[in-house]
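K.L.:
With the sequences and hints as input, model every part of the structure.
There are 2 protein chains.
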Amino acid sequence: MAREIPDIVIGRLPVYLRELTRLAEDEGKINTSSHELGKRLGISSAQIRKDLSHFGEFGKQGTGYHIKYLIEQLRDILHLTQEWDVVLVGAGYLGHALAHYHGFHRRGFRISWVFDNDPAKIGLKMDELVVQDVADLEKVVSENNVKMAIIAVSANQAQAITDRLVAVGIQSILSYAPIHLNVPPGVEISYSDPVVQLQRMTYYLA
Amino acid sequence: MAREIPDIVIGRLPVYLRELTRLAEDEGKINTSSHELGKRLGISSAQIRKDLSHFGEFGKQGTGYHIKYLIEQLRDILHLTQEWDVVLVGAGYLGHALAHYHGFHRRGFRISWVFDNDPAKIGLKMDELVVQDVADLEKVVSENNVKMAIIAVSANQAQAITDRLVAVGIQSILSYAPIHLNVPPGVEISYSDPVVQLQRMTYYLA
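Protein chains in written order, with the working numbering: chain D, 95 to 300; chain A, 95 to 300.
Hints are not guaranteed to be accurate.
[As the list claims (entries may be wrong)] One side of the interface only, derived from the structure: several residues of chain D facing chain A at Cβ under 7 angstroms:
(1) Ile104
(2) Gly105
(3) Leu135
(4) Tyr163
(5) His194
(6) Pro272
(7) Val281
(8) Ser286
(9) Gln291
(10) Leu292
(11) Met295
(12) Leu299
Hints were generated in silico from the structure; no laboratory data involved.
Here the structure is a predicted model, which means the values were calculated and not measured.
Backbone N, C-alpha and C define an ideal beta-carbon position, used for all residues, glycine too.
P.N.:
Listed below in structure tokens is the structure:
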């Protein structure tokens, strides 16, 4: 793993990619500049140039970046030239929303399986998926060589599910459970907890 | 606004608060240390001590932190001694999940209104809320002096909704729309986009 490049830089690349895609697809633009991109994202143009310089020389003096080319390069850097299968654990309200979200596919991901331990949920249809028994989690992950998972279970269940996922080969986890999870080195984890985000903002409220 | 303290420090306080609450409520612990807290969160104890030192002296040599006291102090710093009303815009699958999420209340927030522009959704019950017509958004926000909003609408609608919320006094926005939003200085914004999080992690996948 190329840990030489700071993770915070890697974290900004998907945001650049998202905005470039918007410029190309929604606005039909051909070229852009670090100045324009920075202005749209509230990031300095110097920061953008510095971030991209870790990976090569993508712009030209005078004309800036050719958007489609830069999109291709970023997709290559982020390993998005393939579509990644993702296993979703948890078929509650949030799992339901994730299973129905159509924003994954265009951007490199497909939720291919959804699991729950609730007999009332197993067998239910969610968009094009059928909720499977979490007892079959290991079998499905290993047979399909899945590397990515999304956890949408309660805080009390999240660590046990994480341990099971990691044991069977999952290397990247996005967790919506409001709890810090322990994973071994080499496993990436990312969290989404709306309350943590809201609490940061109330600090700034009078 | 006390911008002297780095925002990244503020962003870690809710994570400390969450873990401390877990230690106290789920595990019945009375005291902890920066070492224990750091080990549980994968953060160095020096970082935790440094972060907290911005706000005062909360620990004692030898005994460490009294958990309930530190929780009270953090709640005070983050302005969580009151419960904040939050307006939710968007009653699709994700809005539905947010409206039904019971994790807000214990941690300082209450989704008090939910809005949508879809006549098929207006009037529907979501948990204890009834979906209201987004035409009434300004009226409700200003009459109730609401300061916080969650946006769960599509990318195409998000900036327009943001502009309306800001114009009527909203100062903190958590957006689930996969797009960068422009807000004036003094308005805090936080984003949650699962694809951006997944794309950061695929970088590290072989």
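K.L.:
Are the hints correct? Go through all of them and say.
P.N.:
Structure-based check of each hint:
1. Ile104: holds (5 angstroms)
2. Gly105: holds (5 angstroms)
3. Leu135: holds (5 angstroms)
4. Tyr163: violated (18 angstroms)
5. His194: holds (5 angstroms)
6. Pro272: This interface hint holds because 6 angstroms falls under the 7 angstroms limit.
7. Val281: violated (9 angstroms)
8. Ser286: holds (5 angstroms)
9. Gln291: holds (4 angstroms)
10. Leu292: holds (6 angstroms)
11. Met295: holds (4 angstroms)
12. Leu299: Status holds, d = 6 angstroms.
Checked against the numbered hints above, the structure violates hints 4 and 7; every other hint is satisfied.
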